[in-house]
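Trainee: Listed below, chain by chain, are the residues.
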Amino acid sequence: MRRGLFLLVGLALLAAGCGKSSSSSDLGKLTVAVDVPVTGSPYVAQTIRQGLELATANLNAGGGVRAGEKSYRIDVKLYDNHLSARQAVENARRALDTNAIAIVTDGTGVNATWQIAEREGVPICITYDGGSGLVDAETRPNVFRIAPTNHGIAFRYAEYLIPKKLKVALLSDDSAYGSEGAADLERAFSENPEAVATKLTLPAGQSDLTPQILRVKRSGATALLVWGQPPTIAAVLSAARSSGWDVPVYAPPTGADPFIRQQLADHPEWVDGLTFASGRMTAEVGTAPFESFQSQYESTYGADKVGVKTSAGEPVIQPPEFAMYAYDFAHVLTAAIIRAASTDPKKITAALNQVTTQGANGDERGFNEHNHEGVVDDDVYFARFHDMTFAPVPDDPLSSTLPVIPQTG
Amino acid sequence: MRRALLGAVAAALCAAATAAAAPPSQDVVLPGPVPYPTPNPPLAGKTAITGGFTRYVFHIRNNERVLVGVDETGSPSSVRVRQRLDVGGRGDYQFAISAPIEDVLRGPGSDSEPGLRADQVLWAGFSPGRKVLAADVTLRPGDAAQYLPVRLGLEHTGDGVTLTVTNATVTPEFEYAGTTRQRQIASLLDRTRRFARAGERLIAGYATFYGRVRQRAQKAQIEAPLRVEGELRAGSGKPVRFSRMLGDGEPLALQVHARGEGTPHVMLTAKPVPVERLLRPPGSAPTWTVAVKRRTLPGPFLLERLLQSRMRLVRADQYQTFLANPDADGRSRSVYVYETAKAPRQQAAAVPSGDDEGGGPLVILLAIGGAIVAAGAGLVAWAHS
Chain A
1 MRRGLFLLVG LALLAAGCGK SSSSSDLGKL TVAVDVPVTG SPYVAQTIRQ
51 GLELATANLN AGGGVRAGEK SYRIDVKLYD NHLSARQAVE NARRALDTNA
101 IAIVTDGTGV NATWQIAERE GVPICITYDG GSGLVDAETR PNVFRIAPTN
151 HGIAFRYAEY LIPKKLKVAL LSDDSAYGSE GAADLERAFS ENPEAVATKL
201 TLPAGQSDLT PQILRVKRSG ATALLVWGQP PTIAAVLSAA RSSGWDVPVY
251 APPTGADPFI RQQLADHPEW VDGLTFASGR MTAEVGTAPF ESFQSQYEST
301 YGADKVGVKT SAGEPVIQPP EFAMYAYDFA HVLTAAIIRA ASTDPKKITA
351 ALNQVTTQGA NGDERGFNEH NHEGVVDDDV YFARFHDMTF APVPDDPLSS
401 TLPVIPQTG
Chain B
1 MRRALLGAVA AALCAAATAA AAPPSQDVVL PGPVPYPTPN PPLAGKTAIT
51 GGFTRYVFHI RNNERVLVGV DETGSPSSVR VRQRLDVGGR GDYQFAISAP
101 IEDVLRGPGS DSEPGLRADQ VLWAGFSPGR KVLAADVTLR PGDAAQYLPV
151 RLGLEHTGDG VTLTVTNATV TPEFEYAGTT RQRQIASLLD RTRRFARAGE
201 RLIAGYATFY GRVRQRAQKA QIEAPLRVEG ELRAGSGKPV RFSRMLGDGE
251 PLALQVHARG EGTPHVMLTA KPVPVERLLR PPGSAPTWTV AVKRRTLPGP
301 FLLERLLQSR MRLVRADQYQ TFLANPDADG RSRSVYVYET AKAPRQQAAA
351 VPSGDDEGGG PLVILLAIGG AIVAAGAGLV AWAHS
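Sequence lines, in order, name chains A and B. Position 313, counted from 1, in the first sequence is what our numbering calls 313; the numbers after and before it change by one each time, with no gaps. Position 111, counted from 1, in the second sequence is what our numbering calls 111; the numbers after and before it change by one each time, with no gaps.
Derived by calculation from the structure, the hints in this document are not laboratory data. From a predicted model like this one, the values you see are computed outputs, not experimental measurements. Do not rely on the hints blindly, as some may be mistaken.
Estimated spans, in silico, between C-beta atoms of each pair [what the hints assert, rightly or not]: (1) B:Val34 - A:Glu194: 32 to 40 Å; (2) A:Gly133 - B:Gly129: 26 to 34 Å; (3) B:Ala204 - A:Glu314: 54 to 62 Å.
Some, not all, of what chain A presents toward chain B, calculated at C-beta under 8 Å [stated by the list, open to error]: (4) Val89; (5) Thr287; (6) Glu291; (7) Val316; (8) Ala350; (9) Gln354; (10) Glu364; (11) Asn368; (12) His370; (13) Asp378.
Quick reminder that beta carbons are idealized off the backbone N, C-alpha and C, glycines included.
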């Protein structure tokens with residue numbers, strides 16, 4: 001009797017163990033490569049990686065993703081492109097060698113990597129760089145983007161600023177980001193040359209731009225639209241404000257980079273009034289979906305602290321905007337794998353054109369056969385800084401509908 | 001007082017007895033504004049729409065120009081639609097329009113770029129209050145042509161070409177019969193006529209039937225009345241113009257003959273239009289109500305005219321929306337334009353003509369012959385190597 005009992009218990013334990021090891025071994029493994037500038041632009045790299053990892057961790061905890069008859073867990077493999085196209089190419093090759101089913105990138109080197117990935121049918125998703133020409137559904141069928149585009153931002157700025165009858169100085173720095181933005185601004189303002197006071201290229205990385213800003217002031221400019229890296233925007237603000245010129249300054253998404261506020265922490269009033277354009281973080285459904293995502297993100301990784309405080313002494317945090325884009329791509333990718341019922345990258349790439357998911361902000365996210373942009377131009381909004389935090393502007397139809405995202409804590 | 005009371009009781013009893021003797025009445029819903037008698041149009045694609053939605057905040061006016069290319073026999077060889085959606089209302093929108101779609105391009109005047117998925121045109125963005133969404137949609141002719149409102153036939157006859165234009169919207173529909181009150185039906189006919197004249201969509205209406213409501217054994221043949229205008233030419237012959245109504249009591253087909261030799265060319269527009277002729281009151285009366293006051297009109301005639309006119313208005317409304325309007329209550333207008341497609345260019349046309357490059361049929365034949373000889377020689381050489 002006792003021996004029988006032991007046998008039963010033994011069999012039960014074995015069965016339980018087998019069950020566990022069997023379900024674990026049944027789960028296949030898929031790899032998504034994330035190629036970001038860990039050493040070139042750590043904030044961007046970290047936010048993209050964490051957004052992607054948060055989404056895949058959730059998916060894996062829920063049993064992975066089902067492709068046909070089998071379920072798979074998704075692993076994220078990190079590569080550092082050092083903001084170098086050459087390194088990005090090397091990373092893409094290494095990622096393909098490990099059978100990655102997709103590459104998520106800030107955008108560095110995509111002009112070179114897309115062809116390498118296309119040979120294997122592997123999709124690339126850009127979640128930061130809005131450069132025109134990086135994404136083209138016709139000529140680069142495997143390149144997708146979830147991030148506001150330079151084209152959309154430039155045209156939205158033209159739409160926003162021209163009716164204000166300002167004389168805008170179009171400034172850009174000589175980085176790749178700056179030159180690409182300058183080209184889009186040129187196109188956006190081409191039909192209204194009377195709105196442009198001057199165009200000027202600024203040296204990226206130079207901390208003192210006083211002579212250039214003086215020249216711009218003499219041109220009769222009544223507003224500055226600065227398309228450049230965060231240090232350039234900080235330098236422009238510094239040069240203008242230190243000379244007592246209270247000109248309104250407008251910027252692309254880099255205007256929200258924590259670097260600018262860190263750099264000007266001693267003169268918080270210089271940041272006041274800086275307006276930037278970016279993709280809206282909340283949809284019409286309200287703030288709840290984004291706040292839920294933000295809370296999950298912050299409880300997993302901690303808040304992205306800007307490193308400055310408001311006048312009331314509250315530490316300022318950065319909402320995880322670009323993390324949201326990487327997070328959303330993971331979900332669209334998962335929907336594509338399910339639709340393709342396959343882990344063949346070619347089939348997944350084709351299926352990416354046919355699926356829509358709900359994004360972290362409650363908005364619909366997806367691509368189609370003609371358009372591989374996950375953030376439409378209409379989603380570009382404007383926000384203005386005050387006391388080291390920003391709020392949507394009230395004088396733009398879209399922005400005026402958006403709530404303020406909490407940024408202290 | 002007592003006599004008065006007795007009189008009142010007697011009157012009440014009499015009224016009750018009359019009511020009990022009268023046949024039971026019931027209100028029957030008249031046709032319109034929906035449902036449509038057939039599922040298409042609007043067209044539907046093979047994929048289900050997910051995620052597309054229209055919230056009540058948007059009012060959308062939909063204008064379509066359906067361009068149908070026809071071959072030398074009159075059969076459709078291409079179907080393209082230029083669709084313009086005038087969106088009113090502020091907020092986020094996401095629309096998906098389903099149809100057998102081959103491709104879509106941004107249309108003139110569009111504020112946004114259309115997206116394409118398998119059998120779906122996608123629109124997504126933010127409307128600040130007004131927004132124009134225009135697209136040029138290319139449809140698969142094999143799937144879309146069966147829902148076109150007009151069928152053409154082109155036939156070469158002795159001295160020219162004959163075009164037959166047929167209203168292809170005819171569909172059988174059930175029709176009620178029974179006893180109604182002449183005055184109510186006349187009033188309903190007047191109301192229906194007012195909607196038709198204003199070009200507005202019908203609103204729901206009821207007719208009171210007394211006694212049994214029957215369904216006619218034979219289904220009514222209902223068409224969308226179409227105003228057809230166009231021109232037919234045979235080669236370089238004199239063009240023949242035509243303008244006719246197909247339906248609304250007029251014949252459902254027309255024939256046009258053009259004299260001449262050579263390739264026929266037809267250009268035709270067809271517009272669904274409201275019923276006019278069948279809703280005209282008899283005897284030159286200004287309204288149906290006046291007409292029935294002047295003389296008794298048979299009840300079945302009035303009822304049939306009311307029901308069939310409304311069915312025709314519904315059918316015409318259906319053909320105003322070839323591609324779906326995301327706002328089901330929004331106003332839609334469609335014009336169908338048929339034109340003979342240009343004959344595909346022959347291969348020879350691609351070859352430079354004349355003697356500029358020394359080319360020509362003889363040179364090409366010689367070149368092909370030379371190539372064959374060279375290939376044969378090469379094959380022999382390879383076999384012996």
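Trainee: Under 8 Å, Cβ to Cβ, is where A:Ala350 needs to be relative to chain B, so tell me if that hint holds or is violated.
Mentor: Violated, because the Cβ-Cβ distance from A:Ala350 to chain B comes to roughly 10 Å (cut-off 8 Å).
Trainee: Are A:Asn368 and chain B close enough, Cβ to Cβ, to be under 8 Å, as the hint says?
Mentor: Holds: closest Cβ of chain B sits about 4 Å from A:Asn368, inside 8 Å.
Trainee: A:Glu364 was flagged as interface toward chain B. Is the shortest Cβ-Cβ separation under 8 Å?
Mentor: holds, 5 Å
Trainee: Using the nearest Cβ pair, does A:Gln354 come within less than 8 Å of chain B?
Mentor: holds, 5 Å
Trainee: The hint names A:Glu291 as touching chain B; please verify it with the least Cβ-Cβ distance against 8 Å.
Mentor: Violated, about 18 Å.
Trainee: For the range 26 to 34 Å, tell me whether the beta carbons of A:Gly133 and B:Gly129 fit it or not.
Mentor: Since A:Gly133 and B:Gly129 have Cβ atoms about 32 Å apart, the given range 26 to 34 Å holds.
Trainee: Holds or violated: the hint that A:Asp378 contacts chain B, with Cβ atoms closer than 8 Å.
Mentor: Hint holds; A:Asp378 Cβ to chain B Cβ min 3 Å, cut 8 Å.
Trainee: For the hint 32 to 40 Å, verify it against the beta carbon of B:Val34 and that of A:Glu194.
Mentor: For B:Val34 and A:Glu194 the Cβ distance comes to about 52 Å; the hint is violated.
Trainee: Holds or violated: A:Thr287 as interface residue toward chain B, Cβ cutoff 8 Å?
Mentor: violated, 14 Å
Trainee: Measuring from the C-beta of A:His370 to each C-beta in chain B, is the shortest one below 8 Å?
Mentor: holds, 5 Å
Trainee: Let's test the interface hint: is any C-beta of chain B closer than 8 Å to that of A:Val316?
Mentor: violated, 28 Å
Trainee: The hint says 54 to 62 Å between B:Ala204 and A:Glu314; measuring C-beta to C-beta, is that right?
Mentor: holds, 59 Å
Of the numbered hints stated above, those contradicted by the structure are hints 1, 4, 5, 6, 7, 8, listed in ascending order.
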